[in-house]
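Peer 1: Go by the hints and put chain B onto chain S.
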Amino acid sequence: MNNQRSFFFNVDWVTVFIYLALCTIGWFNIYAAVLDPEHASMIDTHTRYGSQFIFMMIAFVVAIVILLLESRFLSALAPAFYVITVLLLMTVLIPGVGRNVGGNQAWIDLGFMRLQPSEFAKYTTCLLLARYLSGTNIKVTEIKSFLIAGGIILLPMILIKKQPDDGSTLVFCSLIFVLYREGLSPWFLIVTGVIILLFVLSLIIPNPWYLVSALIAAGFLLMYFYRRNRQMLLGLLIGTVLAIGLVFAIRPIYNRSLNAYQKDRIAVVLGITHDTRHVGYNQNQSKIAIGSGRMWGKGYLKGTQTQYSFVPEQSTDFIFCTIGEEWGFAGSIVVVGLYLSLLIRIIVIAERQRSPFSRIYAYGVASVIFFHFFINISMTIGFMPVIGIPLPLISYGGSSLLSFTILLFTLIKLDSNRMGIV
Amino acid sequence: MNSFFARRYVITGIFITVALILLARLFYMQIIDDRYLLFAKNNVVRPQIVYPARGPILDRRGVILVGNQPVYDVMITPKLVKAFDTLEFCRLIGIDKEGFDKRYKKAYKHSPRLQSVFEGQLSTITSASLQERMYEFPGFDLVLRTVRSYPDSSAAQFLGYIGEVNDARIAKSGGYYRQGDYIGISGVESSYEPELRGTRGVQNLMVDSRGAAKGHFADGAYDTAAVAGERLTSSLDSRIQKLGERLMANKVGSIVAIEPSTGEILCFVSSPTYNPNQLVGRQRSENYSELNQDPYKPFLVRPIQARYQPGSSFKPLDALIAIQEGVITPQTTYNCPGYYIAGNRRIQCFHGEVHGTVNLASAVAHSCNGYFFMVFEKLINQKGPKYTDTSFTLWRDKVLKFGIARKLNIDLPGENSGFLATSAFYDKWYKRGGWRSSTVISLGIGQSEILATPLQLANIEATIANRGFFYKPHLIKSIGDKQIIKKEYTERNYVGIDSGYFAPVIDGMQAVVERGTAVGVRIPGIIMCGKTGTAQTGHGEDNSVFVAFAPRDNPKIAIAVVVEHGGQGATWAAPIASFIVEKYLRDSISRRPSGITPDYYMNKNLLPAIVAKTPPGKKPSADSLKKAAVLDSLKKLKQKQVAAANKKAALLKQAAMLYKHKGNE
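So the protein lines, in turn, are chains S and B. Residue 1 is where the first sequence starts when you use the working numbering, and the numbers rise one by one after that. Residue 1 is where the second sequence starts when you use the working numbering, and the numbers rise one by one after that.
For reference, chain S alone in the conformation it holds in the complex (with noise of 0.2 angstroms):
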């Protein structure tokens, strides 16, 4: 049963095949998406479809490594490998030695190729959460190793906030799922869906009072409801405060930490500011891209608005948009489908585990993809304001994919070993 030598053995082979799924249908959109007559031929390393070919197969070769490896000392090393990759975000930081690309001060050169160190941060940290979460007497419930937790979840957040990247920042903020499943009150999530919505709504509507009484009349029908419970009262009646508070807070909030571009992104998704020329014009022509899809898609190659190059970045961030032009509503629900059943499947292999480590490991990793794929695809459809963050394993990109390779490649290797001792 537990021959360590059949390194397939045990292996899921469902992720394993999703995995291949969705890079495959990622190069065939990179291909697409870049396509220049010109360079008609398939591996050609001057392309992108020829880099990401490559580093297709270099994933494919990590990915095997990473199966071969011995995983039970991976729990023992994840804080040495949460220090390196916390020391490489700092040493992107400094002038000279971190390559600049796209306004992001987020790369290392290596020569044959740059790195992304932040694409590995989300490895490690989860590593080092799930190994501190897995060890005994810790419970997220006490103020002492939910600051841990926090901490260890903070740390290169504000590393690469630096850069800034903030798509990669808010990757970060993804694993509260990890910490609620393992104890956190529902009420982080609940209030955080609050502070969300009051955010949104403030800026939608410009009249703060309207707000406020709305709020105050909700509070008043849950105050009721909640008669007799005393303690239920008390919170609510804080709450309604803190949200009215929070109502005359988030414009000076809002105009005061964000930078220019930032509140011109969030103005076009809002519907504040039609605008399709300068801000909003990525945007406006990705949605152009996936609605003129319809059913079954432009075909193959046939996209006007990919082959002809109106939307910009297509290759990496806005990827999607090749999938809803030439594959129609038919690829979007194939890519969306593949995508949840992924993350189902993560959570069916992070609850078959034995051991704590394993399991919030998976439940990191879970977050991680769900995160990517959700802010990525809302990007392309409008939903969200532009954040530069890439469509995992499918957008174009060496790190993402290698990053996000042996972030599965991880799990599948500890999920192979769940019957072992550990």
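Treat the hints as calculated values from the structure; they're not laboratory data. A couple of the hints might just be wrong.
Computed spacing ranges between beta-carbons, pair by pair [what the hints assert, rightly or not]:
#: 1; chain 1: B; residue 1: Gly215; chain 2: S; residue 2: Leu77; range: 54 to 64 angstroms
#: 2; chain 1: S; residue 1: Gly245; chain 2: B; residue 2: Thr17; range: 27 to 37 angstroms
#: 3; chain 1: S; residue 1: Ile190; chain 2: B; residue 2: Phe27; range: 23 to 33 angstroms
#: 4; chain 1: B; residue 1: Gly215; chain 2: S; residue 2: Val194; range: 49 to 59 angstroms
#: 5; chain 1: B; residue 1: Ala213; chain 2: S; residue 2: Ile190; range: 48 to 58 angstroms
#: 6; chain 1: S; residue 1: Gly235; chain 2: B; residue 2: Phe27; range: 36 to 46 angstroms
#: 7; chain 1: B; residue 1: Tyr9; chain 2: S; residue 2: Gly235; range: 24 to 34 angstroms
#: 8; chain 1: B; residue 1: Thr17; chain 2: S; residue 2: Val101; range: 34 to 44 angstroms
#: 9; chain 1: S; residue 1: Leu270; chain 2: B; residue 2: Tyr9; range: 27 to 37 angstroms
#: 10; chain 1: S; residue 1: Val194; chain 2: B; residue 2: Phe27; range: 21 to 31 angstroms
This one's a predicted model, so the numbers in the text were calculated from it and none came from an experiment. Where is the CB? At the ideal position from N, CA and C, for every residue including glycine.
Peer 2: Okay, now just chain B, sitting in the frame of chain S:
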């Protein structure tokens, strides 16, 4: 730890919900909302108009009057312009640095990414030297276009010109024309615009996000080809057209020649004219404004827009009506004492000549005013002295049948209908019953309240040549292969005179050339029937008028020539007409017994010095002090009857002419 096991369902639930929300949004965008398909198409498809070649216009023998000539436009795409030798480029296309900057700014303002015209219509030589060096000038392209060219350099007013369409026409065209399109503005170019312009094609080009063309939308399935404009064959004979233009050089006036058996216009000279090639190419606007300010009004289409008193050339028509009405017979004689007593006034015959006893033919031949005053008086007194207005209206209607005072609806824009006073006009003027035949007697010799265009004069001759009918005069014989372009051009318009009554009048007209007023222009071997006219203009020299047709039997050409301020009809108009007639019938000009040669007439300058103040085409007006005095007194007398102030002024002008009954021919 597994106490929170159930939370896996919450997290799974959140994942599924989010995925479903995304799918719902995608479903809305991709299936329900169909705007995006349109946006995508608008993004990528640029309909580009393919302009057809404009149809050529030929003369009746197939000589090209207007054709198309290739020219090159220098196009610019400002975003693609890179550093280059600006001065060399300016030198090649013949502009200065300042002009370059101006054009560049204009193009950039139009669109930095789209192509626009930088400099239009380069000559073949310029474009040839530029062509081989174009690679040195990134962002610039040479594009082939066609412009009008006039190999014959003639018939400018007949052909008209094309120009950029104005906003009013764009609005009226219902979206057909766009800014920058060319359209026929005058002449045949204007009246046959729909036939000449052809059918535009559309190419649905695909462009990428930078506006670069990437092939045809749907492989050209929605593209349409341009269909070239129709070839128009005009009725003009370029030989006599060119001869006519040379003969009329440095003179103000018109020549209109019609083929009586078809109504086709053979010659259509409006003088002074201009070279139509002047309105093509880069100097177009300069030339245009220069021509537009020319005091001799070269843009005026005199054959159909200038109005003249026909003078004695009107006499044959008067005689025909009188015979038809039975008030005279060809044998009716009149003893001319050198003057005529009309009412209580004595009007001199031309130069006081005493014609003695004249019959109809000799009265026409020698242009005896007395005879025709007599004829006219008989016509107007036909119904008795109390019914002057009835008789006048009867007479007027007969005259109108010949095409006087009404439009002949020639296939050119801007035709003038001419003028002939009505009885109501005189009623207003003299009070009802206050006028009689003697009052309006000068109408009998084609003077005073009668104005005709040269086309109308020529049409009268065509009617006489046909012995009683005319075909509507027209300029275009066939469109493409279609021979009959309008049914009305094949219909005979009868003027209500029996064909038998024409012989004595034609006898007289033959005698005009053989022994009468125009004896000097006789063409050996060709029997030409004509009539001179010396029409008063009210100022300066009289207008020289000659109308004719030839040969007498089976006539091939009817002609009217007007030389403004040329004096007597026999002096200028008649010789010019005779050369045109002979050139048309024989294709050569023989030695004349009188010794006249075309060269003499070609070289003669008769341009009136005062033309600038009284542009031709406007009614002649009185200018002598004496007439002004009469005018003043009349003004006071008639003030009560004339209501509208501007109407009054027009009427007074007419009135002034009433009192000019000095010796007419």
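Peer 1: Can you tell me whether the CB distance of Thr17(B) to Val101(S) sits inside 34 to 44 angstroms?
Peer 2: holds (35 angstroms)
Peer 1: Is the gap between the beta carbons of Gly245(S) and Thr17(B) within 27 to 37 angstroms?
Peer 2: holds (30 angstroms)
Peer 1: Can you let me know if the beta-carbon spacing of Gly215(B) and Val194(S) is within 49 to 59 angstroms?
Peer 2: holds (53 angstroms)
Peer 1: Would you say the C-beta atoms of Gly235(S) and Phe27(B) sit inside 36 to 46 angstroms of each other?
Peer 2: Distance hint for Gly235(S), Phe27(B) holds at roughly 39 angstroms.
Peer 1: For Tyr9(B) and Gly235(S), compare the CB-CB distance with the range 24 to 34 angstroms and indicate the outcome.
Peer 2: Given about 25 angstroms between the Cβ atoms, the range holds.
Peer 1: Confirm or reject the claim that Leu270(S) and Tyr9(B) have a C-beta distance inside 27 to 37 angstroms.
Peer 2: Since the Cβ atoms of Leu270(S) and Tyr9(B) sit about 32 angstroms apart, the hinted range of 27 to 37 angstroms holds.
Peer 1: Regarding Ile190(S) and Phe27(B), is the given constraint of 23 to 33 angstroms on their beta-carbon distance met?
Peer 2: holds (29 angstroms)
Peer 1: Could one say that the CB atoms of Val194(S) and Phe27(B) fall in the range 21 to 31 angstroms?
Peer 2: This hint holds: roughly 28 angstroms between Cβ atoms.
Peer 1: Is the hinted range of 54 to 64 angstroms satisfied by the C-beta distance from Gly215(B) to Leu77(S)?
Peer 2: Holds: the Cβ-Cβ distance is about 56 angstroms, inside 54 to 64 angstroms.
Peer 1: Do Ala213(B) and Ile190(S) keep their Cβ atoms within the hinted range of 48 to 58 angstroms?
Peer 2: Distance hint for Ala213(B), Ile190(S) holds at roughly 56 angstroms.
In this structure, none of the earlier numbered hints is contradicted; all agree with it.
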